[in-house]
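> Take a look at the letters that make up each chain.
Number of protein chains: 4
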Amino acid sequence: MSKYEHIKEAAYLANMQLPKLDLVLFTFGNVSEVDRSQGVFAIKPSGVPYENLSPNDMVVVDFENNIVEGTLRPSSDTKTHAVLYKECEGIGGICHTHSTYATAWAQSHRDIPIYGTTHADYNIVDIPCAAPMSDEMIKGHYEHQTGYQILNCLRERGINYKELEMILVGNHAPFTWGKNADKAVHNSAVLETIAKLAFLTEQINPHVQRLKESLQRKHHERKHGPDSYYGQ
Amino acid sequence: MSKYEHIKEAAYLANMQLPKLDLVLFTFGNVSEVDRSQGVFAIKPSGVPYENLSPNDMVVVDFENNIVEGTLRPSSDTKTHAVLYKECEGIGGICHTHSTYATAWAQSHRDIPIYGTTHADYNIVDIPCAAPMSDEMIKGHYEHQTGYQILNCLRERGINYKELEMILVGNHAPFTWGKNADKAVHNSAVLETIAKLAFLTEQINPHVQRLKESLQRKHHERKHGPDSYYGQ
Amino acid sequence: MSKYEHIKEAAYLANMQLPKLDLVLFTFGNVSEVDRSQGVFAIKPSGVPYENLSPNDMVVVDFENNIVEGTLRPSSDTKTHAVLYKECEGIGGICHTHSTYATAWAQSHRDIPIYGTTHADYNIVDIPCAAPMSDEMIKGHYEHQTGYQILNCLRERGINYKELEMILVGNHAPFTWGKNADKAVHNSAVLETIAKLAFLTEQINPHVQRLKESLQRKHHERKHGPDSYYGQ
Amino acid sequence: MSKYEHIKEAAYLANMQLPKLDLVLFTFGNVSEVDRSQGVFAIKPSGVPYENLSPNDMVVVDFENNIVEGTLRPSSDTKTHAVLYKECEGIGGICHTHSTYATAWAQSHRDIPIYGTTHADYNIVDIPCAAPMSDEMIKGHYEHQTGYQILNCLRERGINYKELEMILVGNHAPFTWGKNADKAVHNSAVLETIAKLAFLTEQINPHVQRLKESLQRKHHERKHGPDSYYGQ
Chain A
1 MSKYEHIKEA AYLANMQLPK LDLVLFTFGN VSEVDRSQGV FAIKPSGVPY
51 ENLSPNDMVV VDFENNIVEG TLRPSSDTKT HAVLYKECEG IGGICHTHST
101 YATAWAQSHR DIPIYGTTHA DYNIVDIPCA APMSDEMIKG HYEHQTGYQI
151 LNCLRERGIN YKELEMILVG NHAPFTWGKN ADKAVHNSAV LETIAKLAFL
201 TEQINPHVQR LKESLQRKHH ERKHGPDSYY GQ
Chain B
1 MSKYEHIKEA AYLANMQLPK LDLVLFTFGN VSEVDRSQGV FAIKPSGVPY
51 ENLSPNDMVV VDFENNIVEG TLRPSSDTKT HAVLYKECEG IGGICHTHST
101 YATAWAQSHR DIPIYGTTHA DYNIVDIPCA APMSDEMIKG HYEHQTGYQI
151 LNCLRERGIN YKELEMILVG NHAPFTWGKN ADKAVHNSAV LETIAKLAFL
201 TEQINPHVQR LKESLQRKHH ERKHGPDSYY GQ
Chain C
1 MSKYEHIKEA AYLANMQLPK LDLVLFTFGN VSEVDRSQGV FAIKPSGVPY
51 ENLSPNDMVV VDFENNIVEG TLRPSSDTKT HAVLYKECEG IGGICHTHST
101 YATAWAQSHR DIPIYGTTHA DYNIVDIPCA APMSDEMIKG HYEHQTGYQI
151 LNCLRERGIN YKELEMILVG NHAPFTWGKN ADKAVHNSAV LETIAKLAFL
201 TEQINPHVQR LKESLQRKHH ERKHGPDSYY GQ
Chain D
1 MSKYEHIKEA AYLANMQLPK LDLVLFTFGN VSEVDRSQGV FAIKPSGVPY
51 ENLSPNDMVV VDFENNIVEG TLRPSSDTKT HAVLYKECEG IGGICHTHST
101 YATAWAQSHR DIPIYGTTHA DYNIVDIPCA APMSDEMIKG HYEHQTGYQI
151 LNCLRERGIN YKELEMILVG NHAPFTWGKN ADKAVHNSAV LETIAKLAFL
201 TEQINPHVQR LKESLQRKHH ERKHGPDSYY GQ
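Residue numbers (the working numbering), protein chains in the order written: chain A, 1 to 232; chain B, 1 to 232; chain C, 1 to 232; chain D, 1 to 232.
Since the hints were made in silico from the structure, they are not lab data. No experiment lies behind these values; they were computed from the predicted model shown. Treat the hints with care, as some may be off.
Copies of the same chain look alike in the list, so a pair counts if it works inside one copy or between any two.
[As the list claims (entries may be wrong)] In silico lysine to aspartate or glutamate, EDC-like type, Cα no more than 20 Å apart, as pairs:
#1 Lys183 to Glu9
#2 Lys20 to Glu51
#3 Lys179 to Glu9
#4 Lys86 to Glu143
#5 Lys162 to Asp227
#6 Lys139 to Glu213
#7 Lys212 to Asp57
#8 Lys162 to Glu136
#9 Lys223 to Glu143
#10 Lys218 to Glu163
#11 Lys139 to Asp121
#12 Lys79 to Asp121
#13 Lys212 to Glu136
#14 Lys223 to Asp35
#15 Lys179 to Glu89
#16 Lys218 to Asp111
#17 Lys218 to Asp121
#18 Lys218 to Asp135
So that you can see chain A by itself, here it is in the shape it has in the complex:
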């Protein structure tokens, strides 16, 4: 048995959540899970339909993008995952989709404003939309640079990746992360909901204001603060 069995299984199960949660058309998404002790992560193979996947199809890759185990080519976004794992020690899983509403915001080059407590239950900043890369970065190692584009955006905004587990890449689509692959997928579904709610909110009231700070803090703390009382 492979010594990567546990992350291949976890990555497989998380990938299989994407069609169930209606977050992907065909193969427009990929999820990975990392094993930090071994310095590798398991990720979906490129362009393989979800209904044909098995845990053994997951490709194991190190942080320098070398394939460590697996016979298939890994997701074309693998280098973006590698950068995020390498630079952010606390990340255990990463998810990328082209989910409808989050992608529409990314195409619109707009941050998603924080309009309600559904958003504040997860984080208390507008979801940033990272600017498209310069032409030079695009010509170079594109997917590698996508990872740095995400990190640069967080740095410029003064946001720690532990406080915000979701981002939009301008013109492209969302990336989310979390303590493991399952949580990363969870965050993708939440981001899609937040994106749809924010779209509708602006349609219903074009003059709407962002959520006031006291409510932001309250909702975030009851789920994430030291005295949180959500969940078991």
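Starting from the known structure of chain A, fit chains B, C and D onto it as the hints suggest.
The following block gives chains B, C and D in isolation, referenced to the frame of chain A:
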């Protein structure tokens, strides 16, 4: 057998309707049913996925928020339910969701105008959007205050909770109630439909007028008046 | 065996299509089928959930609204069906829903403009939105008057009910008809699609023009003209 | 066994994808697959519900619209398919639907602007909306002319059908093609997604700009260029 079996079963069945009716993502919702003779209500445990729930997981709580039976932590919105049960004797069940269109109206800080007979079949006022709480109330017992925020809003508008079984909490999401948990869930689904219809109505005709009074009354009375002739 | 078995069965099967086609929430819809030789029609009982229905629950009513067979109370819209059957000899089935997009147009008090060939495949006029009734008509026999409101609207526009099998009732919702109950339900699903397409079309291009006449005629004739070549 | 078995089977399977992918209501769509060595293609019969179809119902037609095998009448759009097969040697399959968002763009008489990488993954031009035909062309062989309308539009824009496998026909709906019927259906689903994303993008940001060229090229080349690295 527990002497709360009947309300645990009722609350369980009503909670399980939420994913079927497409009113919740993950655990973003909770339903309860009261037993007035025993002064307690059964409510969903906090953060437990619907697919893992069983009737026995329901938590029984009294109107002062003391856990009477159950090993799990109750929904984080339990105190809001307790206030409504305590202050409104006629309420038998309560439902809270973050359903998409109703939540978007709540985030927009707008009442839902009465535009058609689908709305009038249930009540003949605009669905109120309670204003967000003052910073002081938020810092205090937040969920407890949410209950009073709802009741204050009804009072200010001169609406009896028996004539309107649904409300929006500004920046947050909808709460609905009814004679039991099942009816409360029914009302949540109806509110979501009314909210979507009103959104589309304004998009199609930005100058639309509210439903005229004679039609409001007619539709409401054929379902709820002394000479109602809807249903069996 | 009842001598109304065939229309009860037909009405039952057509009613059961409504939830499958996603045209109703709960019991917000009803379908009927007529037997002209016996002067009666079978219609859904009022307020009974679709999952509990059986063919035997259908209520048989004559054109003067007398119950001829059945133990349940017929749909509250029965009198509207009766008027349409009485006044329009060519109608074999009637369907009423509160389907989302068609109802939003009805609430908007706007006809649905003919924007494309999907619409022209069925008829070559804008789908009329009948004006809300006068207060006097509402106070009288409301559902009875709803039938005449529909017929008056067709008359005013110079439209024969055989050329247009769908209409919106202002502030209320759509009614459709056809040679039998099955075709009436078919038309309700088509109307919902036409209504959604027209809504999106205006959002995408607020200055859009109606379909030009030559295309209207062509599409309609290939499906309905003397030299039609659609279908088997 | 028929010597057209393979294309009848392929056309059947591709047609059956349409309801699964939520691209059709009732029979509003048709797919065909060609056998160039025999100069014929298999296409869905006209107006037959998908749930009743079997591979044997597929109708085999040559490029001059003569029925070569099959007892049913072929799709009313058959002549459009024939023209495209005749004029474009590289096309192996064709799909026509009235899918919601793509049809709304067609009714709006607008090209779908390229706003993101989801679009660029497939092609790097705006999806053209072919102008409605002249009245003369409509009076003539309408479906035949629809094929030439598509080809003329591509020619006017200087687009090769191998670089763009999807188009809108003004006031009507989309047509897509590909190396076989399965890929043509795939492209219809992708077009519907692109159309929905572009609609939402403009709603969220009415001043949005088209995707910049460097990103268009990068995304297209990683999937289709000589050094592509997407898929297996």
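> For every hint, state whether the structure bears it out.
To see whether the hints hold, each was checked on the structure:
no.: 1; hint: Lys183 to Glu9; result: within (15 Å within a copy, 31 Å between copies)
no.: 2; hint: Lys20 to Glu51; result: both (11 Å within a copy, 14 Å between copies)
no.: 3; hint: Lys179 to Glu9; result: within (16 Å within a copy, 35 Å between copies)
no.: 4; hint: Lys86 to Glu143; result: within (14 Å within a copy, 41 Å between copies)
no.: 5; hint: Lys162 to Asp227; result: within (18 Å within a copy, 36 Å between copies)
no.: 6; hint: Lys139 to Glu213; result: between (41 Å within a copy, 11 Å between copies)
no.: 7; hint: Lys212 to Asp57; result: neither (47 Å within a copy, 35 Å between copies)
no.: 8; hint: Lys162 to Glu136; result: neither (30 Å within a copy, 29 Å between copies)
no.: 9; hint: Lys223 to Glu143; result: between (34 Å within a copy, 13 Å between copies)
no.: 10; hint: Lys218 to Glu163; result: within (15 Å within a copy, 32 Å between copies)
no.: 11; hint: Lys139 to Asp121; result: between (39 Å within a copy, 16 Å between copies)
no.: 12; hint: Lys79 to Asp121; result: between (30 Å within a copy, 18 Å between copies)
no.: 13; hint: Lys212 to Glu136; result: between (40 Å within a copy, 13 Å between copies)
no.: 14; hint: Lys223 to Asp35; result: neither (27 Å within a copy, 29 Å between copies)
no.: 15; hint: Lys179 to Glu89; result: within (10 Å within a copy, 45 Å between copies)
no.: 16; hint: Lys218 to Asp111; result: neither (22 Å within a copy, 24 Å between copies)
no.: 17; hint: Lys218 to Asp121; result: within (9 Å within a copy, 37 Å between copies)
no.: 18; hint: Lys218 to Asp135; result: between (42 Å within a copy, 10 Å between copies)
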